[in-house]
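There are 2 protein chains.
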Amino acid sequence: MSLDHNTRILIVGLGLMGGSYARALTDAGYAVSALDTNEKSISFALREGIIQNGGTAPTKDFVGNADLVIFALYPHIFIEWLRQYQHLLRPGAILTDVTGVKALPLREIGKFLRPDVEFIAAHPMAGREVYGVENSTAAIFQGANFIVVPTKENTPAAVSLCRELGKTLGFARVSELSPEEHDEMIGFVSQLTHCIAVALMTCKDNQHLVDYTGDSFRDLTRIARINDAMWSELFLDNKEALLREMDLFIGEMQTLREALNADDRETLREKMRLSTARRALFDKK
Amino acid sequence: MSLDHNTRILIVGLGLMGGSYARALTDAGYAVSALDTNEKSISFALREGIIQNGGTAPTKDFVGNADLVIFALYPHIFIEWLRQYQHLLRPGAILTDVTGVKALPLREIGKFLRPDVEFIAAHPMAGREVYGVENSTAAIFQGANFIVVPTKENTPAAVSLCRELGKTLGFARVSELSPEEHDEMIGFVSQLTHCIAVALMTCKDNQHLVDYTGDSFRDLTRIARINDAMWSELFLDNKEALLREMDLFIGEMQTLREALNADDRETLREKMRLSTARRALFDKK
Numbered sequence: 006m007s008l009d010h011n012t013r014i015l016i017v018g019l020g021l022m023g024g025s026y027a028r029a030l031t032d033a034g035y036a037v038s039a040l041d042t043n044e045k046s047i048s049f050a051l052r053e054g055i056i057q058n059g060g061t062a063p064t065k066d067f068v069g070n071a072d073l074v075i076f077a078l079y080p081h082i083f084i085e086w087l088r089q090y091q092h093l094l095r096p097g098a099i100l101t102d103v104t105g106v107k108a109l110p111l112r113e114i115g116k117f118l119r120p121d122v123e124f125i126a127a128h129p130m131a132g133r134e135v136y137g138v139e140n141s142t143a144a145i146f147q148g149a150n151f152i153v154v155p156t157k158e159n160t161p162a163a164v165s166l167c168r169e170l171g172k173t174l175g176f177a178r179v180s181e182l183s184p185e186e187h188d189e190m191i192g193f194v195s196q197l198t199h200c201i202a203v204a205l206m207t208c209k210d211n212q213h214l215v216d217y218t219g220d221s222f223r224d225l226t227r228i229a230r231i232n233d234a235m236w237s238e239l240f241l242d243n244k245e246a247l248l249r250e251m252d253l254f255i256g257e258m259q260t261l262r263e264a265l266n267a268d269d270r271e272t273l274r275e276k277m278r279l280s281t282a283r284r285a286l287f288d289k290k
Numbered sequence: 006m007s008l009d010h011n012t013r014i015l016i017v018g019l020g021l022m023g024g025s026y027a028r029a030l031t032d033a034g035y036a037v038s039a040l041d042t043n044e045k046s047i048s049f050a051l052r053e054g055i056i057q058n059g060g061t062a063p064t065k066d067f068v069g070n071a072d073l074v075i076f077a078l079y080p081h082i083f084i085e086w087l088r089q090y091q092h093l094l095r096p097g098a099i100l101t102d103v104t105g106v107k108a109l110p111l112r113e114i115g116k117f118l119r120p121d122v123e124f125i126a127a128h129p130m131a132g133r134e135v136y137g138v139e140n141s142t143a144a145i146f147q148g149a150n151f152i153v154v155p156t157k158e159n160t161p162a163a164v165s166l167c168r169e170l171g172k173t174l175g176f177a178r179v180s181e182l183s184p185e186e187h188d189e190m191i192g193f194v195s196q197l198t199h200c201i202a203v204a205l206m207t208c209k210d211n212q213h214l215v216d217y218t219g220d221s222f223r224d225l226t227r228i229a230r231i232n233d234a235m236w237s238e239l240f241l242d243n244k245e246a247l248l249r250e251m252d253l254f255i256g257e258m259q260t261l262r263e264a265l266n267a268d269d270r271e272t273l274r275e276k277m278r279l280s281t282a283r284r285a286l287f288d289k290k
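For the record, the sequence lines run as chains B and W. If you're matching positions, the first sequence starts at 6 in my numbering and goes up one per residue. If you're matching positions, the second sequence starts at 6 in my numbering and goes up one per residue.
Everything labelled a hint here was simulated from the structure, so no lab data went into it. Since we're looking at a predicted model, the values are computed, not measured. Glycine residues also receive a C-beta, built at the ideal position from the N, C-alpha and C atoms. Be a bit skeptical, because a hint or two may be false.
Said to hold, decoys possible - The list that follows gives simulated cross-link-like pairs (lysine-lysine, DSS-like), each with its CA atoms no further than 25 Å apart:
#1 W:K172 - W:K157
#2 B:K244 - B:K157
#3 B:K172 - B:K157
#4 B:K45 - B:K65
#5 B:K209 - W:K244
#6 B:K244 - W:K209
Unchecked claim - Computed footprint of chain W on chain B, listed as stretches where at least three residues anywhere in the stretch have a Cβ under 8 Å from a Cβ of chain W:
#7 193-200
#8 222-231
The following block holds chain B by itself, in its conformation from the complex (with noise of 0.2 Å):
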C-alpha cells in the first residue's frame, strides 16, 4: 500500500494535532474521516470542511472502512483505545500515531495488536501552546521535523508509506530513529529542558527578583509554563530515559560545582570552550 488519493484515512482523536493533520491532509486532497468522544469537535471539522465524516463512538463501518489510521491520542488512551477495538479494524490496515515518547507505546501494542495490522510509530515535532481543533493549522508543520520510528517488525512498505505522509502533510525534514535513539534524544532535547526550566522556578522564592531579570533568565524559564497533566504523563512514559539525562546533566553541574569550589579556574574555562564550540554548530542551522 502507498499513499495515495484513494487512502481512506481515518484520525482518532481530533486535537490541535489530529485537527492540523485533517486539514493538511484535506488541503492535499484527501478523504478524511475522524473520531472524537467530544461531539463539538466533530462538528466544528465537519462545519469547517476539514473532514468529510465525523463520528464520536467507534464502530465497525467507520473503523473498519479505514486503510490508514491516525492515533493523535495521549499514550495511555492511545494504547486502551486499541485494545478495545483493534477488532474493528480492517485486515491490511496501516496503524500511526503522533505520540511523544516510542519505546513503552511499542512495547505496550506489541504485547496484543493483531498480526493482520501493522503499526508504524511516527512523532511529528510540531505544536503550539494552545489546544483544540479550533486552534489547529496545517502551518505547525512548515519548518518542522517528522520522524518516522520503525523496529525490526515493520515492513519496508509501511515505513515508506510513513514517510509520504510526513511529506504530504508539509514538514520541512522527514528522518528515522530507532525507538531508543528517539527517546534518548526527546529526553534530552525536550523533557530534560522542560525539567531544568521547572526546576529553575521551583528551587527557591524567586518573586522578589522579577524587576531583575534579564533576557538569560527570561529564555531559559519561558517554558516553565506547562501543562502540568500532559507533560507528567510525558516523563513517566520515557522514565529510563529521561533519568539517564537527567543524571548526565546533575553530573556534569555537580562537575562545574566542584570545579568553582576548588577555584579551578582552568576546568571552568575549558567547559566554557567546549560549550561555545558546541553551541556554534546550532547556531549554523
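Since the structure of chain B is already known, use the hints to place chain W on it.
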C-alpha cells in the same frame, strides 16, 4: 557634589561598556575623558567624537582632573589599577564601577582605599554579545536596570550622584541593593543560568541531535556561547553566592529526579503547577 555639566568625568577602560557610557554622557552634554591601554580604542573614540580627551597612561594631570571616575574594567584589573594609581586621584573624587559582582571588589578596595575619595558601586545590567568600543551604543541601556550598591560607609550624596548617573545614562529603572542582595540576585538570574546553559552543552556529545532541536533547547542554550575569560572570573569572584544558588538548583533537580524515579506523579504535577504560577508573574513585566 551632584551631577551637573561642570562635572568632569573620566572613564577608565574603553571597551563595550565604557564606550557606551561615553556615548550616553557625551550625548547628554558632559565633557568625557577616557583612559585605555589600547591606543586604537582611544583614537577611535576621539575620531567618533564620543570623548573629548583620551590617553593610554594614567598621569597626574589626566586622573587628577576628574570629579567622577568610572571604572569599566574586569574586577581584578579594576582593583589593581586603584592600588597602583589611587595617589593620582584628586581629593573628594567619586569613583564608581560597572562590575557584575560586588562583595569581592568592595572587600578588597575597602582594605586600601584613600579616605579622602569615595567609591560607590554600581551595576548597569546591560550588555551585548560583542566586544570593544567599536560596538558600543547607548541603546543597550534602554529598558534596562541600573543597580546602585551602597554600603554603610557611603554618603547619601554619593548614592544620589550614582542614581543620577543611572538616569542620565538612560536606564529604565534605577534601584538599590545591598552587596549581598546584589550578589545573590546576580548569582541566580545570570550566573546560574549561564552554568546551566554550559552544562547542557557539555554534559554529552549532542552534535547528532542538532537536526532535532526545537525552540526549547535553543532557548536554553542561546547563552552557552560564552567569553570564557570573563565568565570564569565572574564565577570565581562570586563564588560563595554562586555555590549557594547551584546547590539549591541541583537539589531541586534531584527532587524532580527522585519523584520521577518513584513514579510520584503528584509531586511532579505540584512542581509544574508552582512553576507555571510563578512564571506567569514574570510574563506580566
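key: Hint numbers not upheld by this structure, sorted from lowest to highest   = No numbers; nothing is violated.
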